[in-house]
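Asks: The hints should help you fit chains B and C with the ligands onto chain A, whose structure is shown.
Protein chains in written order, with the working numbering: chain A, 1 to 148; chain B, 1 to 465; chain C, 1 to 465.
One thing to keep in mind: the hints can contain errors.
Below, computed lysine-lysine pairings styled on DSS-like, alpha-carbon distance capped at 25 Å [to be verified]:
| id | chain 1 | residue 1 | chain 2 | residue 2 |
| --- | --- | --- | --- | --- |
| 1 | A | 114 | B | 310 |
| 2 | A | 78 | A | 114 |
| 3 | A | 78 | A | 101 |
| 4 | A | 101 | C | 310 |
| 5 | B | 275 | B | 369 |
| 6 | B | 310 | B | 197 |
For the record, the hints were derived by calculation from the structure and aren't laboratory data.
Below are the chains, spelled out letter by letter.
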Amino acid sequence: MLALVVPATVAGLALGLGLYTFVYAKGASYLTNDPAACANCHVMRDHFSAWIVSSHRSVAACNDCHTPPGLIPKYAVKASNGFWHSFAFTTGRFPDPLRIKESNRRVTEQACRKCHSAITAMIDPVEAHRGAGPLSCIRCHRTVGHVE
Amino acid sequence: TALLVNIFERRQEGRAPFHPVVAIDDETVDPAIWGRNFPIQYDLYRRTVDQVRTRYGGSEALPRVPDHADPRSVVAQSRLDEDSRLRTMWAGYAFAADFREERGHAYMLEDQIFTQRQVVARQPGTCLHCHASVYVAYKRAGEGDLIAGFERINRMPYEEAVKHVQHPVSCIDCHEPESMALRITRPGFLEGIRSVKAAQGIEDYDVNTMASRQEMRSFVCGQCHVEYYFRGAEKRLTYPWARGLRATDMIAYYDTAAADHADWRHELTGAPVLKAQHPEFELWSQGIHARSGVACPDCHMPYVRVGAMKVSDHHVRSPMLNVGNACQTCHHWSEQELMERVHVIQDRTHEMRNAAIDALLALIDDIRKAIERGAPEPVLDAARAYQRRAQFLVDFIEAENSMGFHADQEAARVLLHSIDQSRRGQTALRDGRTAVDPFAPSTGTMGLPPTAEEAQRRAAREGGR
Amino acid sequence: TALLVNIFERRQEGRAPFHPVVAIDDETVDPAIWGRNFPIQYDLYRRTVDQVRTRYGGSEALPRVPDHADPRSVVAQSRLDEDSRLRTMWAGYAFAADFREERGHAYMLEDQIFTQRQVVARQPGTCLHCHASVYVAYKRAGEGDLIAGFERINRMPYEEAVKHVQHPVSCIDCHEPESMALRITRPGFLEGIRSVKAAQGIEDYDVNTMASRQEMRSFVCGQCHVEYYFRGAEKRLTYPWARGLRATDMIAYYDTAAADHADWRHELTGAPVLKAQHPEFELWSQGIHARSGVACPDCHMPYVRVGAMKVSDHHVRSPMLNVGNACQTCHHWSEQELMERVHVIQDRTHEMRNAAIDALLALIDDIRKAIERGAPEPVLDAARAYQRRAQFLVDFIEAENSMGFHADQEAARVLLHSIDQSRRGQTALRDGRTAVDPFAPSTGTMGLPPTAEEAQRRAAREGGR
Ligand SMILES: [Ca+2]
Ligand SMILES: [Ca+2]
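Chain A with its partners taken away, still in its complex shape:
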């Protein structure tokens, strides 16, 4: 019995807290495309300033690389990131330095293709063969969005 109640309560609390902070901590900025919105959080500022000086500042904003194409998936990712970032931000429970999560790294990898599939058409298809792993753009172009 107790075993059921406790987690439930915790979840409830987390959700409540999450929703609260989502609003309070300007989590709503997730719904815009304005990079400055992301920089609302001081923890995002390093990445903002590193993006400002990157080769992509004038061609791609945060969401171009950190959300998948298509409205539904886009806001799905935003919702989850928005919730977790807000939650993490409020609880202060997050790694320093920040590390992109595997799922978000995949989102970003796909983002490259959104814009560059033409130039990479020749090198990309080879991956389609066998269990051969996909080609990772970030492996070589890690700093396109953020100059270190």
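Replies: Coordinates of chains B and C with the ligands only, in the frame set by chain A:
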């Protein structure tokens, strides 16, 4: 090429980046035919005839007067003239007659045919494995069975075997005709990599079905840029990897499994010595780049933009001639700074290599003198055992072609042990000792480093950190 | 422009908003007072009492029963018990009596006062230079003249000199009270760095006015984490850098300029030997991190988020206890992977170090035996000259505290030459040779690497890439 076109079309919403004009199958050896479908790669591939020298690599184009025996009008510089100590190290072996700086892929077949090493010694068909497009030749000689054909051609005298090939390494040796995916066509590597994986506890490893794409990017090069020897009378090409890929693992292998094998008996000392050869793949596997998932083509065939397309630069060459594309995507330092970093690493390796060669030559000279003054055989044999080790270790780094860059600390470790073995040999000889100290240094990773994929998965498990 | 941006951003964070609650001047030694103005840094600073062991670093907290002579209830583990070969290497010197793993800054003064090395030998006041907050003490002893006070305290017996100090290294030793800017307060470094710069052709180098901020970030550590000796009767603290910062440059220095200097005569061989000590600064200067503008605090005092603010982690310690902040800002690998990379480098170095110590001990044993059987002095002296070199080189890496990490290939180069000198000594002895081969390996950079700033300026000139 149907499959390939489909892939391109799916990706390109109909904009295929190339138009297959000819059909290519698993018998198409001539790169010119493949080139009709992939003109960019073919043009780049043909540029491997260029010769430009770097501080320790590239190659110098030396003009020569062609003669009946050797029609080449240009060769690479002689490494023997650059450092005549090599003649002493290899005394009594074909390498003491002719050893040149290696050059581009375009020359691999002619350089093998016309080297003086073919004149001073009779070579087996095995040699072709890495100097020609032998894939189809093997299949034909084996009536469809690659390995059977490989074994048949190994046993032929070189002059006869060479009649079965026409081209240097070609598209078909690295690519599957339908998909252009990378593949391994060389029996030496198929068996070699299986033996390493077995040593790591992975049974029946089949590289062509089990390797990741990123691994394949290095394995295709590892088909040839490796240490090898000809096992037994059937001259079977063998990569001495059963104990691991490190030079010290190979010593362990040559001290036990292949204790009876010697490439030749040293002319001055009578020691049963070994010739180490181009272990780029093995040394790279111990370095920080391999550990970081950086493959040979990342540096030697970096992507290059041609028109609206990015392609792998099939002009395989020294990255020092192409630092911009080869290094700067990952390292944001200036070209000059990156070259200096390579030179610092190479100069240090070169200094250590020289010290190790001097130590070896001192040992060789000591043994020679001991023979003259009639030292007892058991004592001489102990000293010869040390020479065998010391010489293989220093030759491993001398033969490796990056002058230590592929794994700088590991290269130094190998040279340090070479000097230590020379030291033990010199003192054993003077003390008249007949016992040979065991040799089993064991740090580093015996096999290939964790792949980028593995590292990623681990990182993921740790929650993105 | 990777690094500059980092540094720039950090400079911003470095300027933390602070409200001075007490006045601090150039006489304020007590860190607690500075701590009133900078509580965060002070709290972190005090954590250097923590003791945690890593594979090759950190330190182990060994409880002991305090006694009258030594009131410490906890000490670090003994390095002599871990590897008793060190006792033979240092036979006849105080280090053979007591040598422990070093621990946090908080212990520096007590560990120096109570080491057995103080019991078996009389030490000079010079020792304090790196174990206490001596800046104000020097100024007072010199009536305002830092150098004069330094010279006066050097000459005092330790027991007397120690009365002039109260604290381990403190804020005032690294910071200017008004601006909190970094500064050099140690005469040994002021003179040492001037001598290197002079060797590089830069005259009258004044570190406090001419060094860049990024350089200062390493120089403050270089005040103490360096090789040194006491010159002449006045026991003047001297850093042997006049030929360069590499171990091999120091051999050249000790073979010529300081040929008459010996730290002690080896008990078993009578060789005039040298003790190498903690050359972290020198080894780091030869590594890829120094070359990339990465300073000691980047790894040992990385920026840490405290609330909304980032401060330098004044809990100076092993980065292996803090990989996230210390390494992951620059390296996007998992913590586990980064630690494995360090361990691979350290394990290789450890293997080579062991081989070099064995070779040295073999030489020491040979000389001892040669003395017993009454070999002629000139022959013994030649062998002793080789011992002096071989021992300093291996001790250089043994004493350096990163087990090769700070410059892995260079550490291997030093160990390789150590074995080579042992080898030459052993053979010279057996052949009864009296001549000593010259020793002048010369690759690498003699001084400090081009700074990040220089490298970037060069990059900028070449057009940004
Ligand atoms: Ca070459
Ligand atoms: Ca320690």
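Asks: Run every hint past the structure and note whether it holds.
Replies: Here is what the structure says about each hint:
| no. | hint | verdict |
| --- | --- | --- |
| 1 | A/114 x B/310 | 16 Å, holds |
| 2 | A/78 x A/114 | 18 Å, holds |
| 3 | A/78 x A/101 | 14 Å, holds |
| 4 | A/101 x C/310 | 23 Å, holds |
| 5 | B/275 x B/369 | 23 Å, holds |
| 6 | B/310 x B/197 | 34 Å, violated |
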